[in-house]
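Residue numbers (the numbering used here), protein chains in the order written: chain A, 1 to 112; chain B, 113 to 225.
By construction, these hints were calculated from the structure, which means they are not laboratory data. There may be inaccurate statements among the hints.
With a straight-line Cα cutoff of 25 Å, these simulated DMTMM-like cross-link-like pairs (lysine to aspartate or glutamate) come out [to be verified]:
id: 1; chain 1: A; residue 1: Lys-56; chain 2: B; residue 2: Asp-183
id: 2; chain 1: A; residue 1: Lys-26; chain 2: B; residue 2: Asp-183
id: 3; chain 1: A; residue 1: Lys-26; chain 2: B; residue 2: Glu-138
id: 4; chain 1: A; residue 1: Lys-56; chain 2: B; residue 2: Glu-134
id: 5; chain 1: A; residue 1: Lys-69; chain 2: B; residue 2: Glu-213
id: 6; chain 1: A; residue 1: Lys-56; chain 2: A; residue 2: Asp-83
id: 7; chain 1: A; residue 1: Lys-93; chain 2: B; residue 2: Glu-213
id: 8; chain 1: A; residue 1: Lys-56; chain 2: B; residue 2: Asp-197
id: 9; chain 1: A; residue 1: Lys-69; chain 2: A; residue 2: Glu-55
id: 10; chain 1: A; residue 1: Lys-69; chain 2: B; residue 2: Asp-183
id: 11; chain 1: A; residue 1: Lys-26; chain 2: B; residue 2: Glu-213
id: 12; chain 1: A; residue 1: Lys-70; chain 2: B; residue 2: Glu-213
id: 13; chain 1: A; residue 1: Lys-93; chain 2: A; residue 2: Asp-66
id: 14; chain 1: A; residue 1: Lys-26; chain 2: B; residue 2: Asp-197
id: 15; chain 1: A; residue 1: Lys-26; chain 2: A; residue 2: Asp-7
id: 16; chain 1: A; residue 1: Lys-93; chain 2: B; residue 2: Glu-171
id: 17; chain 1: A; residue 1: Lys-70; chain 2: B; residue 2: Asp-197
id: 18; chain 1: A; residue 1: Lys-70; chain 2: B; residue 2: Glu-171
Among chain A residues calculated to face chain B with C-beta under 8 Å, some are [said to hold, decoys possible]:
id: 19; residue: Pro-8
id: 20; residue: Gln-33
id: 21; residue: Gly-98
The C-beta atom is built at its ideal place from N, Cα and C for all residues, glycine as well.
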Amino acid sequence: SQQGEEDPQALSIQEGENATMNCSYKTSINNLQWYRQNSGRGLVHLILIRSNEREKHSGRLRVTLDTSKKSSSLLITASRAADTASYFCATDKTDSWGKLQFGAGTQVVVTP
Amino acid sequence: SQTIHQWPATLVQPVGSPLSLECTVEGTSNPNLYWYRQAAGRGLQLLFYSVGIGQISSEVPQNLSASRPQDRQFILSSKKLLLSDSGFYLCAWSFGGSYNEEFFGPGTRLTVL
Numbered sequence: 001s002q003q004g005e006e007d008p009q010a011l012s013i014q015e016g017e018n019a020t021m022n023c024s025y026k027t028s029i030n031n032l033q034w035y036r037q038n039s040g041r042g043l044v045h046l047i048l049i050r051s052n053e054r055e056k057h058s059g060r061l062r063v064t065l066d067t068s069k070k071s072s073s074l075l076i077t078a079s080r081a082a083d084t085a086s087y088f089c090a091t092d093k094t095d096s097w098g099k100l101q102f103g104a105g106t107q108v109v110v111t112p
Numbered sequence: 113s114q115t116i117h118q119w120p121a122t123l124v125q126p127v128g129s130p131l132s133l134e135c136t137v138e139g140t141s142n143p144n145l146y147w148y149r150q151a152a153g154r155g156l157q158l159l160f161y162s163v164g165i166g167q168i169s170s171e172v173p174q175n176l177s178a179s180r181p182q183d184r185q186f187i188l189s190s191k192k193l194l195l196s197d198s199g200f201y202l203c204a205w206s207f208g209g210s211y212n213e214e215f216f217g218p219g220t221r222l223t224v225l
């Protein structure tokens, strides 16, 4: 089974709105990362949050991590049409050195 | 700066034919290298990873193999392709260790007919 599970599977919003997606995982982690993938392209790293961090910001992105609940959220504020993509969380498990496990992703569509 | 190259971009192969996908990284030394497969609308499945020349770890039993003949070259191969090998193959690299992001290539879309 997958370590990271994103929720929702798909999200459709209008430009200017905020988009929130969640990721749950099962085992202890060193860090959790979020990636973005445009259709038919490779993944691009967005943000990394370590297990001892609770919140991190990067531009219009805000990531939270709750290790007690084994969950993370990615918030994209003031979304733009160019934010349309699939977003994946990936966990670096403590017993799995240097290897990431990816969830199935959240497909986000931002309409003008 | 570092760059990762992956080719070909698309490939259509008949069942039973061989496969060779190549990935090269520039601008860094001794990277960790990874091969992933992504089924349509799904997440990534780690196939192989390598921490050095000739060091390959396989994550799932399958019809594929990987090799690392040079420090920054990672090759995914098959002797005989199956229909189930179709998918989007992604190569990635990282600086190694934990707390490191992975950098992905553009991917190869493989269709086995």
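Verification of the hints:
1. Between the alpha carbons of Lys-56(A) and Asp-183(B) the distance comes to roughly 34 Å, so the proposed pair goes past 25 Å and is violated.
2. The straight-line distance between the Cα atoms of Lys-26(A) and Asp-183(B) is roughly 34 Å, outside the 25 Å bound, and the hint therefore fails.
3. Between Lys-26(A) and Glu-138(B), the direct Cα distance comes to roughly 35 Å. Violation of the 25 Å bound is thereby established for this hinted pair.
4. Simply put, Lys-56(A) and Glu-134(B) have alpha-carbon atoms about 36 Å apart, too far for the 25 Å limit, and the pair is violated.
5. Among the hinted pairs, Lys-69(A) with Glu-213(B) is consistent with the structure: their alpha-carbon atoms are about 23 Å apart, no more than 25 Å.
6. A hinted pair counts as satisfied when its Cα atoms are at most 25 Å apart, and Lys-56(A) with Asp-83(A) qualifies at roughly 19 Å.
7. With a C-alpha separation of about 14 Å, the suggested pair Lys-93(A) and Glu-213(B) falls inside the 25 Å cut-off, and the hint holds.
8. Between Lys-56(A) and Asp-197(B) the alpha-carbon distance is near 38 Å, which puts this suggested pair outside the 25 Å criterion.
9. Restraint check for Lys-69(A) and Glu-55(A): satisfied, since their Cα atoms lie roughly 14 Å apart, inside the 25 Å limit.
10. Distance restraint check for Lys-69(A) and Asp-183(B): the Cα-Cα separation of roughly 40 Å exceeds the 25 Å cut-off, and the hinted pair is therefore not satisfied.
11. Straight-line distance between C-alpha atoms of Lys-26(A) and Glu-213(B) comes to about 20 Å, which keeps the hinted pair within the 25 Å bound.
12. Of the pairs offered as hints, the one joining Lys-70(A) and Glu-213(B) holds, with about 20 Å between alpha carbons and a cut-off of 25 Å not exceeded.
13. For the hint linking Lys-93(A) to Asp-66(A), the alpha-carbon distance of about 15 Å falls within 25 Å, and the restraint holds.
14. Proposed proximity of Lys-26(A) and Asp-197(B) is contradicted: the alpha carbons are some 28 Å apart, above 25 Å.
15. Annotation: proposed proximity of Lys-26(A) to Asp-7(A) holds, straight-line Cα distance about 15 Å (limit 25 Å).
16. In summary, the hint linking Lys-93(A) to Glu-171(B) is supported, as the alpha carbons are separated by about 15 Å, within the 25 Å threshold.
17. Straight-line distance between C-alpha atoms of Lys-70(A) and Asp-197(B) comes to about 33 Å, which puts the hinted pair past the 25 Å bound.
18. Our distance criterion of 25 Å between C-alpha atoms is met by Lys-70(A) and Glu-171(B), whose separation comes to about 24 Å.
19. At a threshold of 8 Å, the smallest CB-CB gap from Pro-8(A) to chain B is about 14 Å, leaving the interface hint violated.
20. At about 6 Å, the closest approach between the beta carbon of Gln-33(A) and any beta carbon in chain B falls short of 8 Å, and the interface hint on this residue holds.
21. For Gly-98(A), the interface hint holds, since its Cβ comes within 8 Å of a Cβ in chain B; the closest pair sits about 6 Å apart.
Violated hints, listed in ascending order, are 1, 2, 3, 4, 8, 10, 14, 17, 19; each of the other numbered hints is respected by the structure.
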